[in-house]
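Trainee: Sequence:
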Amino acid sequence: MSLLQTYQAIAEQEWIDIPLGWLQGRTIYGGLVAGLMMQKAQLCIADPKKRLLSSSVTFVGPVQQGRARLTAEILREGKSVTSVEVRLWQDDAVQSILIASFGAARESSIVVQQERTAPNFPPATELPVTQHHPLAPECFQQMDLVWSEGQYPFTASHKPDFAGWMRFNPKQHTNRAMTIADLMVAFDMWPPGVLPMFEQLAPASSLTWHVTYVNPLQNQLQDWMKYKVFTDHASGGYATEYAHLWDDQDRLIAIARQTITVFA
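Using full-length UniProt numbering, read the sequence shown as starting at 1 and increasing by one per residue.
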């Protein structure tokens, strides 16, 4: 089942079948979970004048392959801003929660443009796409990732963090206009920034993920986008990091802040 077919199922019913091909180890990739909840949130808002401002995701428990239930509740609907909560359920328990705020544009004299400048990479077509390692999560096959800065995961690097290009894999996804739900699916595909420091294979997973949406998407699924992550702090089995995502015209699209659980 394609992402579009899954989005359609969300529009028609509470219960959906999570599509195949998105496992991250024995559980479902968190970006897909966030994307499905975002699609439910947008359907709940149903107001084209209100665009996504920010969303916060808590990954409560592991989401398994199979059936899942999505529920949504409008927390508050104001003239400018509407806040909605979406929950994903399996086995009669909440496994993930998304809270998103959507807002209509308002007149304001305050204009600040100090966003991070996009890094200057060689063109993605001149760099090798990262090959899917047999031990890598299944979900990585859904995207093309191109490392431009930093080291690969599990290379015992003395420093964390990396940057590069990304897009939906053309062999897996028919090209079309990119949606906010697609953005959530794609943005989380890069591994945690501390993974290059790992000396051997070991798990790490997202605990919380906050995304601020900056400029409207003008992308197709197969357009390249730029990504860069920075780790603020890591100790005691947890790490905190932030990441930026730009489109191929160097427009800042979104900023993410994430708390990671580290098992190494």
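Please note that a few of the clues may not be correct.
Have a look at the derived ranges for each label pair, beta carbon to beta carbon [as the list claims (entries may be wrong)]: (1) Lys79 x Thr125: 45 to 51 Å; (2) Ala11 x Val94: 34 to 40 Å; (3) Ser2 x Val214: 25 to 31 Å; (4) Pro203 x Ile74: 45 to 51 Å; (5) Pro134 x Arg67: 27 to 33 Å; (6) Arg67 x Val214: 32 to 38 Å.
Calculated directly from the structure, the hints in this document are not laboratory data.
Please read these numbers as outputs of a predicted model, since none were measured by experiment.
The beta-carbon is built from N, C-alpha and C at its ideal position, and this holds for glycine as well.
Trainee: The structure should be examined with respect to each hint, and the outcome stated for every one.
Mentor: Quick rundown of the hints versus the structure:
As the Cβ distance of lysine 79 to threonine 125 is approximately 46 Å, the hint placing it in 45 to 51 Å holds. Distance hint for alanine 11 and valine 94: a CB-CB separation of about 22 Å, inconsistent with the stated range 34 to 40 Å. The hint said 25 to 31 Å for the Cβ distance between serine 2 and valine 214, and at roughly 28 Å that hint holds. Roughly 36 Å separates the CB atoms of proline 203 and isoleucine 74, a value that falls outside the hinted 45 to 51 Å.
Remark: the range hint 27 to 33 Å for proline 134 to arginine 67 is upheld by a beta-carbon distance near 29 Å. Between arginine 67 and valine 214 the CB atoms are about 35 Å apart, so this pair conforms to the stated range of 32 to 38 Å.
Taken one by one, the earlier hints fail for this structure at numbers 2 and 4, listed in ascending order.
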